[in-house]
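Visitor: Residue numbers (our numbering), protein chains in the order written: chain A, 1 to 116; chain B, 1 to 112.
Please keep in mind that the hints were generated in silico from the structure rather than gathered at the bench.
A quick note: this is a predicted structure, and the numbers were derived from the prediction, not measured.
Mixed in with the good hints there might be a few duds.
[What the hints assert, rightly or not] Here are the simulated DSS-like pairs of lysine-lysine, each with C-alpha atoms no more than 25 Å apart in a straight line: (1) Lys41(B) <-> Lys71(B); (2) Lys103(A) <-> Lys68(A); (3) Lys9(B) <-> Lys71(B); (4) Lys103(A) <-> Lys67(B); (5) Lys40(B) <-> Lys103(A); (6) Lys103(A) <-> Lys41(B); (7) Lys67(B) <-> Lys9(B); (8) Lys49(A) <-> Lys19(B); (9) Lys36(B) <-> Lys103(A); (10) Lys58(A) <-> Lys9(B); (11) Lys69(A) <-> Lys49(A); (12) Lys22(B) <-> Lys103(A); (13) Lys67(B) <-> Lys49(A); (14) Lys22(B) <-> Lys68(A); (15) Lys41(B) <-> Lys49(A); (16) Lys67(B) <-> Lys58(A).
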Amino acid sequence: AQSVTQLGSHVSVSEGALVLLRCNYSSSVPPYLFWYVQYPNQGLQLLLKYTTGATLVKGINGFEAEFKKSETSFHLTKPSAHMSDAAEYFCAVSESGGTSYGKLTFGQGTILTVHP
Amino acid sequence: DTAVSQTPKYLVTQMGNDKSIKCEQNLGHDTMYWYKQDSKKFLKIMFSYNNKELIINETVPNRFSPKSPDKAHLNLHINSLELGDSAVYFCASSQANQETQYFGPGTRLLVL
Chain A
1 AQSVTQLGSH VSVSEGALVL LRCNYSSSVP PYLFWYVQYP NQGLQLLLKY TTGATLVKGI
61 NGFEAEFKKS ETSFHLTKPS AHMSDAAEYF CAVSESGGTS YGKLTFGQGT ILTVHP
Chain B
1 DTAVSQTPKY LVTQMGNDKS IKCEQNLGHD TMYWYKQDSK KFLKIMFSYN NKELIINETV
61 PNRFSPKSPD KAHLNLHINS LELGDSAVYF CASSQANQET QYFGPGTRLL VL
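Using the sequences and the hints, build the whole thing.
Guide: This is the structure in structure tokens:
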């Protein structure tokens, strides 16, 4: 079984400040990990993903995330927030093995607000 | 050149009605999914099809019936709609054995 916990349903930062969105997961097999972003009234857009290899992954719009197996974490960061980053962010996990065909389990979502 | 498209975008209907939502992907993917996002924005998988075969069927009322006429389409039919069915339904697709899923824009269903 797999699960995802996103710490903090709301995060508020000032423009130009560091963005840190927290995600912890549990998985019985090596996980694949994802961050998606959802803008109001839109679908989900993939920001970045970790499957294997380098544990620090870079995504679109200046975001990156680091897979830390020992901490079962996959936190999302961006050095300098922009007003356009305001959205809801979802962390998700799927199992790398078996025939799950990519069953994604999502966290509860974190709403990011960016203040001028 | 929309990758994953859904119709309709909005759907308002009365309790007890039957409705369908259509999904099409032009990415050449083998696997398609339906997700439900409730009023608290919680996303949960409902179904997944691979090459027109049902792979994942979560605990969903049997009023919900997915149908895949070909691997580019996965439609969702809902019978006897209930108030609790009000949600946003997202279709997604991925290439078999790859894990990146591409989502459609969603269908906002409101049952009155």
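Visitor: Output the numbers, in ascending order, of every earlier hint that fails for this structure.
Guide: Hints 1, 8, 10, 13, 14 and 16 are the ones this structure does not satisfy, whereas the remaining hints hold.
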